[in-house]
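Q: One letter stands for each residue in the lines below.
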Amino acid sequence: MNTPFFRIAEEPIQVEEVIGLVRRREAGAVTVFMGTVREWTEGVRTSYLDYDAYQPMAVKMMERIGAEVQEHWPHTSIAMAHRVGRVAISDIAVVIAVSSPHRKEAYEANQYAIDRIKEIVPIWKEEGKGDGA
Amino acid sequence: MNTPFFRIAEEPIQVEEVIGLVRRREAGAVTVFMGTVREWTEGVRTSYLDYDAYQPMAVKMMERIGAEVQEHWPHTSIAMAHRVGRVAISDIAVVIAVSSPHRKEAYEANQYAIDRIKEIVPIWKEEGKGDGA
Amino acid sequence: MITVLLFSYLAEEAGRDQIQLQEGELSIGELKEKLEMEYNLSPMDQVMAAINQEYVTNEEKIKRGDIIALIPPVSGG
Amino acid sequence: MITVLLFSYLAEEAGRDQIQLQEGELSIGELKEKLEMEYNLSPMDQVMAAINQEYVTNEEKIKRGDIIALIPPVSGG
Chain P
1 MNTPFFRIAE EPIQVEEVIG LVRRREAGAV TVFMGTVREW TEGVRTSYLD
51 YDAYQPMAVK MMERIGAEVQ EHWPHTSIAM AHRVGRVAIS DIAVVIAVSS
101 PHRKEAYEAN QYAIDRIKEI VPIWKEEGKG DGA
Chain W
1001 MNTPFFRIAE EPIQVEEVIG LVRRREAGAV TVFMGTVREW TEGVRTSYLD
1051 YDAYQPMAVK MMERIGAEVQ EHWPHTSIAM AHRVGRVAIS DIAVVIAVSS
1101 PHRKEAYEAN QYAIDRIKEI VPIWKEEGKG DGA
Chain X
2001 MITVLLFSYL AEEAGRDQIQ LQEGELSIGE LKEKLEMEYN LSPMDQVMAA
2051 INQEYVTNEE KIKRGDIIAL IPPVSGG
Chain F
3001 MITVLLFSYL AEEAGRDQIQ LQEGELSIGE LKEKLEMEYN LSPMDQVMAA
3051 INQEYVTNEE KIKRGDIIAL IPPVSGG
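Protein sequences appear in the order of chains P, W, X and F.
Okay, so the first sequence: first residue is 1 according to my numbering, each after it adds one.
Okay, so the second sequence: first residue is 1001 according to my numbering, each after it adds one.
Okay, so the third sequence: first residue is 2001 according to my numbering, each after it adds one.
Okay, so the fourth sequence: first residue is 3001 according to my numbering, each after it adds one.
Source of the hints: derived by calculation from the structure; they are not laboratory data.
You may find that some hints are simply not true.
Selected chain F positions facing chain W (in silico; Cβ < 10 Å) [stated by the list, open to error]: (1) Ala3011; (2) Tyr3039; (3) Pro3043; (4) Met3048; (5) Ala3050; (6) Ile3071; (7) Pro3073; (8) Ser3075.
Going by beta-carbon spacing under 7 Å, a handful of chain W positions derived as facing chain P [what the hints assert, rightly or not]: (9) Arg1025; (10) Val1030; (11) Val1032; (12) Thr1036; (13) Glu1039; (14) Ile1089; (15) Ser1090; (16) Tyr1107.
Just so it is clear, CB atoms sit at the ideal spot from N, CA and C, and this is done for glycine as well.
This is chain P alone, in the form it adopts within the complex:
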């Protein structure tokens, strides 16, 4: 069900790999977003996060977001990957890469994609309360 461009990853995400999917000769701009696990949120410490997904639908919804991006910004190319399982502090939960002839579209499309992921992709995080071991 995974495609290289819209992927649920059980293993650490390689950013360069995701970026590589959108590099092309027509592109003058590439934007990348990485969501990483933050140690402190409003004074509360996180040890790690566990991400769970309804995987086939999560991939389907990521593909839908890709299609929405194509429709709004036709000259962009987009790829995204989201981790599931245990993710440690500073590690990458999600990566979105967008390439475009011009930079404005690359920023807009990228920001749109992460906003939509947080709306419609069935993935849930659970705070790690232990020591991450």
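Use these hints to put chains W, X and F onto chain P, whose structure you have.
A: Chains W, X and F only, in chain P's frame:
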């Protein structure tokens, strides 16, 4: 005159290296911008670009942009690198990485930085008209 | 028969992540009410639902063989 | 003595990327006019100037020992 965070690069820029400079435990978001050499611009083909810089001042102005970003978005961390010399199609001319607790600031600060680079950093590109050899 | 998939705190509350039901002709809204009662689940006002991996509203009718997912507010990214 | 650094097309037009001048007490605006004439350069309305790596206006006075950079519209990024 170069610092790791504000750097003029004579050799290809390693994106992971620039990203690595801003990764930290307080960050929940990292945005990356890569400016790459585009083959076609309004029907005109580019073979390569030659970038020339007034190097010490270019670094100084990048540091200034970094200070401006710190002032506007105090919780961000930023690094940037700009190539000089001959850069081939698809290769990276500039990389900007910003980390931040939250994503909105990471996008804003990143976009601000590239806009400012294009205003005040003394770097010039010259179109390659030959075959890039 | 229909299959209901539960995620996140709903799975925890129910003590299982999958439920099989015999009856059909239910709407999503009716299914939510039924499960809230039978499994003593938190109110599902904020819970989205999908049939066969497509989001649907509470009015949508469930057909035999459908796979229903009850989707608490997502928190990916 | 002052040193003037030329970049991009200005260096091409002048056939050199550096000029040494004896006179002081010039403003940046006066320096631009002088070089436009002596080296037959394109009008420098759009050219920014820096003294010792800081941007300055056309009114700024040049002092002995200063390093002036004449900076055509930049095109990095």
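Q: Holds or violated: the hint that Ile1089 of chain W contacts chain P, with Cβ atoms closer than 7 Å.
A: holds, 5 Å
Q: Have a go at the Tyr3039 of chain F hint: is there a Cβ in chain W nearer than 10 Å to its own Cβ?
A: violated, 18 Å
Q: Is the interface hint satisfied for Thr1036 of chain W? The criterion is a beta-carbon contact with chain P at less than 7 Å.
A: With a closest approach of 6 Å, the Thr1036 of chain W hint holds.
Q: Hint check: is the beta carbon of Met3048 of chain F less than 10 Å from a beta carbon of chain W?
A: Since the shortest Cβ distance to chain W is 8 Å, the answer is holds.
Q: Please check whether Ser3075 of chain F passes as an interface residue: C-beta within 10 Å of a C-beta belonging to chain W.
A: With a minimum Cβ separation of about 5 Å from chain W (threshold 10 Å), the hint on Ser3075 of chain F holds.
Q: Against chain P, is Arg1025 of chain W within 7 Å by beta-carbon distance?
A: holds, 4 Å
Q: Less than 10 Å between beta-carbons is the criterion; does Pro3043 of chain F satisfy it with respect to chain W?
A: Result: violated, 18 Å to nearest chain W Cβ.
Q: A closest beta-carbon separation below 7 Å is what the hint needs, so does Val1030 of chain W meet it against chain P?
A: Given a least distance of 4 Å, the restraint on Val1030 of chain W holds.
Q: Per the CB criterion, is Ala3050 of chain F less than 10 Å away from chain W?
A: holds, 6 Å
Q: If you take the shortest Cβ to Cβ gap from Ala3011 of chain F to chain W, is it below 10 Å?
A: Holds: closest Cβ of chain W sits about 9 Å from Ala3011 of chain F, inside 10 Å.
Q: Return the status of the interface hint for Pro3073 of chain F: holds when the least beta-carbon distance to chain W is below 10 Å, violated otherwise.
A: holds, 8 Å
Q: With a cut-off of 7 Å, does the beta carbon of Val1032 of chain W approach a beta carbon of chain P closely enough for the hint to hold?
A: With a minimum Cβ separation of about 4 Å from chain P (threshold 7 Å), the hint on Val1032 of chain W holds.
In summary, the structure is inconsistent with hints 2 and 3 from the numbered list given earlier, while agreeing with the others.
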